[in-house]
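Enquirer: Listed below are the residues making up each chain.
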Amino acid sequence: MSGRRAHLVLSDGTVFAGQGFGAETVAVGEVVFNTCLTGYQEVITDPSYQGQMVCMTTPHIGNTGINEDDIESARPRLTALIVREVSRHVSSWRATRSLPDWLAEAGVPGISDIDTRLLTRHIREQGVVHAALCTDGSLNPEQLLARARDFEGLEGRDLVREVTCAEPYAWAETTDSPWEPVASGELPEPVEMERQPLVVAWDLGIKYNILRRLASQGFRVEVVPASTSAAEVLAMNPDGLFLSNGPGDPGALHYVTETARQLIESRVPLFGICLGHQIIAQALGAETYKLKFGHHGGNQPVSDLAAGNVQITSQNHNYSVLHDDLPDNVEITHWNLNDKTVEGLRLTDRPVFSVQYHPEASPGPHDADRLFAEFVHLVQSRRPAAG
Amino acid sequence: MPRRTDIESILIIGSGPIVIGQACEFDYSGVQACKALRQAGFRIILVNSNPATIMTDPEMADATYVEPLTVPYLEKIIERERPDALLPTVGGQTGLNLAVDLAAAGVLDRHGVELIGARLESMQLAEDRELFKNAISQYGLESPHSFLATTLEEARGHAETLGRFPIFIRPSFTLGGSGAGTVHTPDEFDAKVSWGLRESPVGSVLIEESLIGWKEFELEVMRDGADNFVVVCSIENLDAMGVHTGDSITVAPAQTLTDRELQRLRDQARLVMRAVGVETGGSNVQFAVHPETGRVVVIEMNPRVSRSSALASKATGFPIAKWAALVAVGYNLDELTNDITRQTVAAFEPSIDYVVVKIPRWAFEKFSGVEASLGPQMKSVGEVMSIGRTFKAALQKGIRSLEIGRNGWGPLEGPVTDNELEDLLRTPNRDRLFAVYTALERQWDLETLAHMTGFDIWFLDQMQQLFETAGRVSEADAESLREAKRQGFSDSQLAELLSRSRSEPWSELDVREARRQQDIRPTYHQVDTCAAEFQAFTPYLYSSYDEGDEALPTDRRKVVILGGGPNRIGQGIEFDYCCVHASFALQEMGYETIMVNCNPETVSTDYDTSTRLYFEPLTREDVLHIVQREAANGALAGVIVQYGGQTPLNLATDLERDGVPILGTSPASIDLAEDRDRFSDLLAELDIPAPAHGLARNLEQALAVVATIGYPVVVRPSFVLGGRAMAIVHDEVDLKTYIQAAAQVSPHHPLYVDQFLSGAIEVDVDAICDGRQVVIGGIMQHVEGAGVHSGDSACVLPPHRLSANVLDLLRSHTHRLGLALRVRGLMNVQYAIQGEDVYVLEVNPRASRTVPYVSKATGVQLAKIAAKVMLGSTLEELGLTEEPSVNGFFVKEAVLPWKKFTGVDTILGPEMRSTGEVMGHAPDFGNAFAKSQEQAGSPLPVRGGALLTVNDQDKPDALAIARELHELGFRLLATRGTAAFFRAAGLEVRKLRKAGEEGRTVLEAMEEGQVDLVVNTPKGPRSRRHGARIRALATRLAIPILTTMPAAAAAVTGIRALQEQDADVRSLQNYAIAEPVP
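In order, the protein sequences belong to chains L and Z.
Position 89 of the first sequence, counting from 1, maps to 88 under numbering that gives the first Met the number 0, and the rest follow consecutively.
Position 42 of the second sequence, counting from 1, maps to 41 under numbering that gives the first Met the number 0, and the rest follow consecutively.
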């Protein structure tokens, strides 16, 4: 590697010296690690990583370059990418460019050739840390340490504002047939409806694959900005409502929580994923709390109590729902087998359910894709074809 | 669902002897299954014909049967033990096939035995390509376009439908893909199809669209009864489609697929499991992916643990076989705890933060006449696995783990033209990796190389990076050294590069010193199943040159055990068995044991065999680093080098020089035993006879030596092990021919010329010496005469034809040799007995190949006792003061890879070529021998035709054998000379012609099924051709063939025994309580 010298400095003073790639700049953020073996392009474009530097634990990153299709939003979202080794040669029949070029163009810096396992273990022991990265030689490690210490952190910040869409838009793209997922278990029987059902999705930082999966179920999909009120949406006469994934602290999103409260009362079927799940839980009176280092990977085992089995799930979150304060009409439907955190809930008296993990995968296994079929089924069952 | 309570006892079938395609990975998986199921409270009945396994240790099961893996024997065992269930999925294809046969024969129904872990239909479906193809196509999955044919005409029609060559041909139901191949012309097509139709046990071949050049991937998956499904590991083959996966260099995890592409394979693997109906257990699904379109084709699936699943387990820390066994008895994956993290459950997919490379090891040098190119039929005899933070580091470590004289990735040896180089790149072969280096030296570009090799360009770019790094190592400065070490370069490799670039000699030690000065040291990292997300409690480690170190050596007293590296002929599972026993024994003594090995197939590299495991190459540098790291805390008693075969032994002197304490017999004593001159002097001092011998550097000297010794002589180059290039020479013409050839084998070393003791009986003695006394573990008499490598000869314990006087001499010699050589631990002595004279052939003060066999026969665990002796216990303290008695007879038979290497002459000689062994036991020698033959895959006939064709010197012995066969009711057939000799003695015999002569030939009679037994001895090296054709045909037709007179005599004894009484079965545990011999 004959790249540029780069430094990553943690707020506790730990310094990692490596090579810079991507943009030449200085970046400051919260560092998390992701254990997915594949799917760096999806990770990089996932808006939920807003404000975060992501350390990929798998050592070779960039092998298959960047293609036009495997994106979760229009551009790279994370603050910086941290890898053991970045590939200089791309090999894939679908690739159109290399990872470093793409990041450079998007203004996102990366650092390679550091001991990513050491950094990962550090985060595992100490929890998420703040860090500053310099890839342009403008700041020395001491200056970077000061920047890292000055970083205000992500707690209590509304990061959704930074990633949500400015205007409502319609989404039509479905999953291309070669990539149609195979979920675990049996799918519910489809029910005829008199018209194509409409789902309205709040964009809290929504991943494209959620939209593709909703569209693939036969939904007409409308996406609205995070600040859109319940009344505005209910006026569209939707068949289903959706609260998306997104970055940061759910505790800072009082306005979305308030919307959710009204949506639950509307009795229109509501489905939430990740941040959307946390918002629904908050709307039901639960607290959320920050995990030590979160769940970021594609191998999290989730126990599905109804199905009586385990699904290997894709996850990306730093906050979790405390179930102690949930009212009696809330049923916990899924648990994480690693740390026994809440992974899913549903209401016994309302058509509402949500999961902490990502059934749309991307990256990760498709075990839980069935939830999209269950959502459309819920919608269909409430508005079956006339007669 | 929790553990089933409706079954209490489970029968487990092992995979039998080590053969190409089925090695010790099934001992590893079987041991895991036995341990897990016994812990869960089940009674385990185990059957395996291979005594060199850990799984057949009596404490691994409740009843252990070392018996033939055939339906009749299994039925006897089932009758006796009445198991509730049979787990057929941990014994390789052998176990699976046998389970299918048992079901088909009605044995399972008859005795109410339930198949668990795999349903009968699933096993049949996965094995039958046509059924498989139909089943998966119902789930929308693609197979290569293919057609089944049962006649040549039918096959030709299918070839026309496919429309173009190459075409792939695959005979149905052959082990390890034997007989499969790609053809490029109609002639090749006809020949291959005809061969396949003959070889296939069901007489059919598959005519298939060729996928040569496609990317090849495997997924190791698991499913439980609740439909929990996990992918344990993805594996990418560096060698594109066209090379058997067992012969491919493979990489884990897959490196050149996007998430979408990989998840598509995962989804398809799930559908394959459903289609085949695998409800619980581990399976392996293989895919081909078109490199330009991404089209995915399912190649095959194995509904059982496999070589790949063993690799995946070692690569990730996820114990597939253990958990496959537990889900088979009702557990769900989420009910099983991950031993490594103690916090997570088995229902998860490992994430790994390193790269694993597996490289096969071949033994072509042992089999002249075998084509060294690689294809769909597996030819490798072993493999190494290496772990590095990057592919580059893992590749370098893998290459030096192979022990093929390379210290890392480098160019081809010897000059090649561009055309030759292109050929080496295009045709898969074992040197292709090195041809890439040479091509880079010639500045061939990556696209060209990718096109020629079919290697993905990403891997080629990684190799180019290594090549560039090698070019940059011109100063031993900190930066370039550190970079090179991070990429896996060894010190000795760097020494070569520095010597070249700086035109001054650099040694490995110079590089070591340069690193020391710049503080460049390896760090160790844990294999933890989770990429550091959770804390790991199992110290399973590999090295890299990073910042963090997780070795954390404890402050306990500890011993390092060096394993045997890759399996090869002459060094295989027996040595792994010994290493594992050393580890168990020393843990019993309270030591922490630290295993170092790089062979993923083994029990020694299971994460819970030793206290700590370093998955590392067995080189001086790598071992020294581990020793230094471990010695940083606690008390390191030393290193055991005598248990892993030649590999660690070769390191002993260097390690000792580096200040590493060597336990047991000192390297000086080991050296003395190997140094012929000094050893001769010692024998003379002790007044122990040895064959006369001399040393020759050229033909004149050789003739002079022979003048004093007399023909026949054994000749071999010095310092060549395992009988390589050894020959028995009967006259001057042979000697000249040999010396011309030998000069090329090892030009700088003289030739050993030894007296050959014609007609001698060879004997192996295994013993333990503690410095005060020598106790013999077992005396084994070879069945084959002198001249056949001890590893290829059948042998019997106790000796059945030695006089009391000879036995006394053997004991006394062994005793005196052990004390004189100051042996501490195991020793093996080889003797030749001529008449009443006892000659010492060699002494090996280390573990021998026969230790597990002797231990199984006597019930005395020699390797464990000797390990304790090495750490200071005395034999008296350990309670072994007398040679153990043996209850009945135990015959070990060698298993040879003739089926895989067609065209190789099957005659046994001084060069070892067997891959594995079996053990037959019975109260009498005849039945024990007969069992051993059945276990080795050539059961003795009890009636029919016996063909004898022997050389002149064997004719008198052959006559006696013929008489007995006649008495036993056999029809006798013989070639002209042998027939004339028999007739002259009044025996009725049918005369057959040799091939090529007028009239009915031997070969025709064999083809027609008139021959059930062949006795054939060669006529000397220059007139072997006729015999070779008979031997080749016998191998192909699976007619038992005996190529020495003693073996033929043993066979006759065996046949008589079979006729007199039906052989019984008995468990090893039953031997231990010493049933009276009937």
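Simulated from the structure, these hints should not be mistaken for laboratory data.
Glycine is no exception: its CB is placed at the ideal position from the N, C-alpha and C atoms.
Misleading hints may appear alongside valid ones.
Derived Cβ-Cβ restraints for the label pairs, each shown as a range [stated by the list, open to error]:
1) 331/L with 341/Z: 21 to 31 Å
2) 289/L with 586/Z: 42 to 52 Å
3) 553/Z with 289/L: 48 to 58 Å
4) 586/Z with 141/L: 48 to 58 Å
Which chain Z residues stay away from chain L? Per the calculated CB distances, all over 12 Å, these [to be verified]:
5) 144
6) 224
7) 269
8) 406
9) 979
To be clear about the criterion: a stretch of chain Z counts as covered by chain L if any three or more of its residues have a C-beta under 8 Å from a C-beta of chain L, and this derived list gives those stretches [said to hold, decoys possible]:
10) 387-399
11) 545-557
Enquirer: Closer than 8 Å, Cβ to Cβ, for at least three residues: run that test on the segment 387-399 of chain Z against chain L and report holds or violated.
Expert: holds (count 3)
Enquirer: Beyond 12 Å from chain L, beta-carbon-wise, is residue 406/Z?
Expert: holds, 23 Å
Enquirer: Does the Cβ distance between residue 586/Z and residue 141/L fall inside 48 to 58 Å?
Expert: At 50 Å between Cβs, range holds.
Enquirer: Per the hint of 48 to 58 Å, is the separation of the Cβ atoms of residue 553/Z and residue 289/L within bounds?
Expert: violated, 35 Å
Enquirer: Looking only at beta-carbon atoms, does the pair residue 331/L, residue 341/Z fall within the given range of 21 to 31 Å?
Expert: Given a distance of about 25 Å, which is inside 21 to 31 Å, the answer is holds.
Enquirer: Using Cβ atoms and 12 Å as the threshold, tell me whether residue 144/Z really stays out of contact range of chain L.
Expert: holds, 19 Å
Enquirer: Beyond 12 Å on every Cβ pair: is that true for residue 224/Z relative to chain L?
Expert: Nearest chain L Cβ is 10 Å from residue 224/Z, so the label is violated.
Enquirer: Per the coverage rule (Cβ-Cβ under 8 Å, at least three residues), is the segment 545-557 of chain Z covered by chain L?
Expert: holds (count 4)
Enquirer: Run the C-beta distances from residue 979/Z to all of chain L and say if the shortest one exceeds 12 Å.
Expert: holds, 70 Å
Enquirer: Can we confirm that no CB of chain L comes within 12 Å of the CB of residue 269/Z?
Expert: violated, 6 Å
Enquirer: Does the hinted range 42 to 52 Å hold for residue 289/L and residue 586/Z at CB?
Expert: Because 44 Å falls inside the window, the suggested range holds.
Comparing the model with each numbered hint stated earlier shows that hints 3, 6, 7 do not hold.
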